[in-house]
Every structure is written in structure tokens, then in C-alpha cells.
Amino acid sequence: MTTSSLPTAPAAASERSPRRIAFSSRLSRWDLKLSPYLYISPFFILFALVGLFPLVYTGYIALLKFDPILHTGTFVGFDNFVWVFQQRQFWIALRNTLTIFLLSAVPQIVVALAIAAVLDSNLKAKTFWRMGVLLPYIVMPVAVALIFSKLFSDDYGLVNHLLSFIGIAPIHWHTDTIPAQIAIATMVNFRWTGYNALILLAGMQAIPRDLYEQASIDGAGRFRRFFSITIPQLRPTLIFVIITATIGGLQIFDEPQLYDTGGLAGGSNQQWLTLTVYLHNVGWFQDGSFGRAAAVAWLLFLLIVLIGLINLAVTRRISNNENRRTS
Amino acid sequence: MNLSRRTRVGAVLATAATIALIATGCSAGGSSSGDQKVTLTLATFNNFGYTDALLASYHKAHPNITIVQKVAKTSDDAQTNLFTKLAAGNGLSDIEAVDGDWMPKVRQYPQLFTDLASADNKGRYAAYKTAGGTAGTKLIGLGTDVGPEAICYRADLFKAAGLPSDPAAVSKLLTGDWSNYYKVGAQFEAAKTGAAWFDSAGATFQGLANQYKNFFEKDDGTTVATTNPDVKSAFDSVLAASATQSAHLQEWTDDWAGGMAGGKFATMLCPPWMMGVIQGDSPKVTDWNIANAFPNGGGNWGGSYLLVPTQGKHAAEAKAFVDWLTAPDQQISAFKTAGNFPSQLAAYKSSALTGATNAFFSNAPIGTLFTDRAKAFADTGVIPFKGIKYGAIMGAVQNGLTRVEQGQQSAADSWTQVVSDIKALS
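Here the protein sequences come in this chain order: A and B. Each residue of the first sequence is one higher than the one before, starting from 1 at the first, in my numbering. Each residue of the second sequence is one higher than the one before, starting from 1001 at the first, in my numbering.
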């Protein structure tokens, strides 16, 4: 009895168990396959909602003569883009965007790198200094713009006043193109240098310390160590900082918009009219021009993609060269 | 400059973006059975002169209604806010203030605003003010203030130049046309006081632009700015005078404010709301005064409206409140607070208005003075037409004037660029 009952039990079990194993294994297979996607899906759902949809919808509006209030539009094809390409102000805005970007991004990253290097050395009250460089970042950009535009006033500004002490004639900050753009780049740098310095600092701290020790034993000086160890080791962080600075730098709006409170933003001769300010002017201060503003927005998007790709190609090339040299 | 007139008054107010009037006590149980508790939001910009006390007095008379005022810093901010939220379909206040210069853009959408016409407010305003608030057959905006222009001047600089400095004599001196204004300016400049005659070509051009019926646009909205000989001759005549008589300080800039305090110019065109701007920018100057005169008679610069968007839930209550807020007594109260000159005809007869003086402007009798200026404007019989592109065209012209004053371009080159900028607006 006992022996005969024995085979039946496994038989019954084997009858049920394959199904159970199959289900749980299927579950775990799903788990393995699907859950990573599930975990990252909030980002993509949000991105689709606030990134992709506006992008596509803006592209759609760029093909219409669109009334933003009544949400009605008539299809005009690529007329808006044609119009934009014919505008003198668009090309000036494009030029200004690129020059202000260069005037801000390049010094910003160089200075941020220097600050990060100093913060990485043995300082007393480390946290204090690190928080200190981040301070400008938490100031509202609008407040920064208002304060700096007072500092850079042509007649009553502090900067011209200080320059007069060292015998430099007053600079026309609101008239001449390059000084105006330098003033705006200064605001941008004031805000972003500390932020970038902290990100670079984080990258520097991840560099293995024994590399430095070996180098100093080999007799490498401070600068040699910085250029031969820190910079190459920092490359991934630098690429990140450069790309975010590019995206941000091409979209600056608050600073040029508030640089002068008189009239349409951008200066009497469009000295500091950037693409974002131009699209704002076209969209809000010209009747029914949302379609044209959307066209400008898309062109700006394409410009950022283009410059991002150039960035990527250049940095990749450099890193390949470096690899070949080190190997 | 048009788009951002009055920008400066609000600088201090900017920090206090929202002024909330809290119903004190919140007495339990409404006084009458059908009355619901209603909170009305009122959005204004800069300084409309609607003090907490004024708004509280409405709550006192109507205990079930509480008013909360939101103050935007500039006219531009208010404009962006209004159009963004009109586009979104919600988020607007129950009552929205609209600047007369961008009212034409709002008038394109009468279906989005409540009709405010009633037997009560019929014939309360001069015809042009009513027309400005009317879209099609609908009265969508009730006028708050108007901007009859006078000339503000610095008595000390006049004295230094050997010109008469008391208001009666200055008024006589400045009565005449624009060439008279520039002629006195030339006398002033000849005395070499170190100050200029007026602040900027742009500000002076505003005065001229507001004296033509169809300066930039025809009644049907067609742009004529580039072909209208009046525009070109105003552009040239202002720049000719500016070469020797202007301080070259573009309006609303920090340097303009500094120049006002530092005595860089002796006169400026002065609608009543400009008094608050001047006082705010040059609080320590004791020599400001106002002349009861304006080149070519009269002119009007600025003036706003209150509108009730249909997206609000309390249209009836809002309508009654706007009616009250734009009534003569409340307009006079706002005039005393912020210098916004009443738009209602009945207010001009009130002794509270005619007796008003301004201590900062050497006790100028601003009540009677601006009543005279309003009459002078009415006498010209010219009501400037401002279409939907007015602000954008004015912006292009102002930039052109500034380019010449900054020495970047000759008047002829600048005009060529103005023409191309205006053509780009079509």
C-alpha cells in the first residue's frame, strides 16, 4: 500500500508542478524582460508629455497661420520658414546667439575648471567654499539681470565708474554690440560658473588618488599633473558639462530680455537680440505670428542638434586620439 | 516707449506682487438669504491707485464680496499674462486691467469678454474712451484713466538759463506749436547750463504721434507708417531738434532714471501718470513743476480699461464691482494716490478733483491743470486711431530714433532700417 501510494504522489505532483513551474518561470521571465522598461518608463512618459509632444505640436503650428487665442489656423505649408529666412533680424539674432554663446560658454568652462581644481586641493572649511560657489546659481536669473543691467548702465553704472578710476573712457554697454554681449555673457557666467565647477569637482574627486601619488614620485609638478592626469581623466564629465552648456547657452532668454527695460527687447539695433528673444518678439508683439515664432523655435532646435553633434564628433575625436596616444 | 510705459512706478511694487485683502471677521451667516460669499480677483499693473483701504470700503458696503488685487510689475507683463491665459482658456482674474495701447489686440476677441454696458454707465465717458472699450457692438472695457499731456519742467534749470520759472510764465512761454517748443529749447541751450532741453527723441516723438488721427494705420488697419509724410517729417523734425537739445536718455532705461535725478534735462512731456514716475525716480529733487501747456494744444498718452473675461465664474458680481471702481469718486481717489487722471466726465466737475494739488511738484494745482489739458485734448478734435500693429510699429520707430541718438546711424540710414522693420511686420 505504502509502496503503491508512493509513485502516485509524485505522479500527482508532476501533473501539477509543470504548470506551476511554467507560470512562475514565465512570471520571472517577464519580470526580467519587462521590469527594466517599467522602471525607466516614468521618464519616457514624462518626456513624451512635456518634451516630445510640445516639439511635435510646435512643428505642426509652424506650418499654420495660427491664432493663439482662438486656436484656429490655416495651413500655409513652409511659408513661415520662408518668411523667417527673409528676415534681417533673424540672421542678426542667429549671429548674436552664437557670439553670446561663445562669450559665455568658453570662459565659463575654463574658469569652472580652475575653480574646481582649487576646491579639489586641501582647503580649510571645504563645504563653505563649495556652497559659496553655488550661491549665484540659486539667485533668480531675473534678479541677476536687473542688478547687472544697473551695474552696466552707460552713464550711472558702477562698472563705468570703476573704469574711470583707471583712466578708461566710459564703455557704451547699451549701444555697442560687443560690450553689450559681454555684459550679458557676464550675467550668464555669474550664474553658471559655480554650478559647472561643482560638477567638475565631483568628476575630479572620482579620479584615483594613487595616479597623482605616482606622478609626484616621478617628479611631475602641479600643472603637469593637472594637464596630464586631471584633464584626461575628467573627459566624460567635461563632455557632459560642455553639452549642457551648449544647450543652455543657445537658449538664453532672461538676461537679454531684461538687459534693457526700454521697448522691444534686443536693443535699438538688435545688438543683443538672441533667437529666443526674437521668437518671443515675433510671437507676442506681432499680430497672429505664432506660426512664425514656432518656425523660429524649430530652427533653434535644429541649430542646437547640429551644434550638439559637432560637439560630440569633436570630443570623440579628441578622446580617440588620446586613447591611441596612451595605448 | 509705448509698450512699457509706467514700467518704473512699479519697481517697488514688484516685490509685493500680490496684495491680499482679507475679509476681517468673516461674520458667520450672510446678511441676506441668497448672498453667497464671493472672492473677486482684480489684476492690475504698476500703480492704478487702488489702495487696500479703497478696496476694503467695497467689502464694507458688500460684506459677501471680498476683493483680492494682483499687481503685475509692468504693462508688458500684464499683456503677456493676459494673452497666455486667454490662450489657455483659464487662469485669468475676474477683472483684468488692459493698457489702452494694446487694447486693440484685445478687441479682436469680443466673444471672450463680458458685455459691461448698462443704463448706469451710458454716456459716462468721452466718446473716444467709450470707443476704445467697444468691440463690435459690445462694451468690453470700462475706462479707468486718461493721459492728457502737460509739460513737466525743472524750475531751477529754467532759472539758471535766465528763463522765467514760475508756472504761469512758463505756461505762456511754452504755449504754441512744436517749433515754439524747440525755439525755447534753443534759447535754453544757448545759456549753456549743462543740461539738455528734453530727455530723448523717442519720448518727444510719442507726443507728436498722439496728435494725428491716422499716424501709423488707416481706420481699416492697413499700415501707412512707411508712406505717411507726417511720420517721416515727425521723425526728421524730432531728430533735428534732438541733435542739440536732447539728453539722449532713452525712456525707461536706468540712465534715464538717473538723468532725471541728476538734472540732465529741463523738460519732459508729462501725462498725469508720469508724475508718479518722476517722483519715484527723483525723490530728492524739489524743483519739479508743471506747465499748463502742450505743443500744438493738446494730446493724450495712455489710459487703461478694466475688462471682465468670460472665463471667470462671477461675471455679475465682477460687473457691478467694475462699475463701482470706475465711478467718479473712486477715480478721484486713484488720482490722488497715483496721479491716474479720471476718465469720467462727471469727475471733472467734482471739487475733490479741481481742488487737488501735488506737494512734490511745488504744490501745482494738478486738478484744474489736468482738467484744462483734458479739455485742450478734446478741443483738438483728433482721436488717434491705434490698430493691432500700433505697438509693434511704434517699437520699430523708437528703435530707429534711439539708433540715431546713440550715434550708430545717420537719420537717413536709420529711417531705411525703420521702413524695412515695419515691412517685416506685415
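Calculated from the structure, these hints are not laboratory results. Remember, predicted model here, so these are calculated numbers, not experimental data. One thing to keep in mind: the hints can contain errors.
As a list, the in silico DSS-like pairs of lysine-lysine whose alpha-carbon atoms are at most 25 Å apart [stated by the list, open to error]: (1) A:Lys150 x B:Lys1172; (2) B:Lys1319 x B:Lys1122; (3) B:Lys1375 x B:Lys1172; (4) B:Lys1138 x B:Lys1213; (5) B:Lys1122 x B:Lys1138; (6) B:Lys1085 x B:Lys1070; (7) B:Lys1085 x A:Lys65; (8) A:Lys65 x B:Lys1218; (9) B:Lys1423 x A:Lys65; (10) B:Lys1085 x B:Lys1319; (11) B:Lys1284 x B:Lys1159; (12) B:Lys1232 x B:Lys1213.
From the structure, some residues in chain B lie toward chain A, with a derived Cβ separation under 7 Å [stated by the list, open to error]: (13) Leu1086; (14) Tyr1109; (15) Leu1139; (16) Asp1255; (17) Gly1258; (18) Ala1392; (19) Asn1399; (20) Arg1403; (21) Gln1408; (22) Ser1410; (23) Ala1411; (24) Asp1413; (25) Ala1424; (26) Ser1426.
Quick reminder that beta carbons are idealized off the backbone N, C-alpha and C, glycines included.
Each hint tested on the structure:
1. A:Lys150 x B:Lys1172: violated (39 Å)
2. B:Lys1319 x B:Lys1122: holds (14 Å)
3. B:Lys1375 x B:Lys1172: Roughly 17 Å between the alpha carbons, so the hint for Lys1375 of chain B and Lys1172 of chain B holds.
4. B:Lys1138 x B:Lys1213: Answer holds: Lys1138 of chain B to Lys1213 of chain B is near 23 Å, not above 25 Å.
5. B:Lys1122 x B:Lys1138: At roughly 13 Å apart (the allowed maximum being 25 Å), Lys1138 of chain B and Lys1122 of chain B satisfy the hint.
6. B:Lys1085 x B:Lys1070: Distance ~15 Å between Lys1085 of chain B and Lys1070 of chain B Cα, so the pair holds.
7. B:Lys1085 x A:Lys65: holds (20 Å)
8. A:Lys65 x B:Lys1218: holds (23 Å)
9. B:Lys1423 x A:Lys65: holds (18 Å)
10. B:Lys1085 x B:Lys1319: Judged against 25 Å, a Cα distance of about 20 Å means the pair holds.
11. B:Lys1284 x B:Lys1159: holds (19 Å)
12. B:Lys1232 x B:Lys1213: Roughly 15 Å between the alpha carbons, so the hint for Lys1232 of chain B and Lys1213 of chain B holds.
13. Leu1086: holds (5 Å)
14. Tyr1109: Check passed: Cβ of Tyr1109 of chain B comes within 6 Å of chain A, closer than 7 Å.
15. Leu1139: Violated: closest Cβ of chain A sits about 20 Å from Leu1139 of chain B, beyond 7 Å.
16. Asp1255: holds (4 Å)
17. Gly1258: holds (4 Å)
18. Ala1392: With a minimum Cβ separation of about 5 Å from chain A (threshold 7 Å), the hint on Ala1392 of chain B holds.
19. Asn1399: holds (4 Å)
20. Arg1403: holds (5 Å)
21. Gln1408: holds (6 Å)
22. Ser1410: violated (13 Å)
23. Ala1411: Result: violated, 14 Å to nearest chain A Cβ.
24. Asp1413: Check failed: Cβ of Asp1413 of chain B comes no nearer than 10 Å to chain A, outside 7 Å.
25. Ala1424: Holds - the Cβ of Ala1424 of chain B comes within 7 Å of chain A, reaching about 6 Å at its closest.
26. Ser1426: With a closest approach of 9 Å, the Ser1426 of chain B hint is violated.
Consistency with the previously given hints fails for numbers 1, 15, 22, 23, 24 and 26, ordered from lowest to highest.
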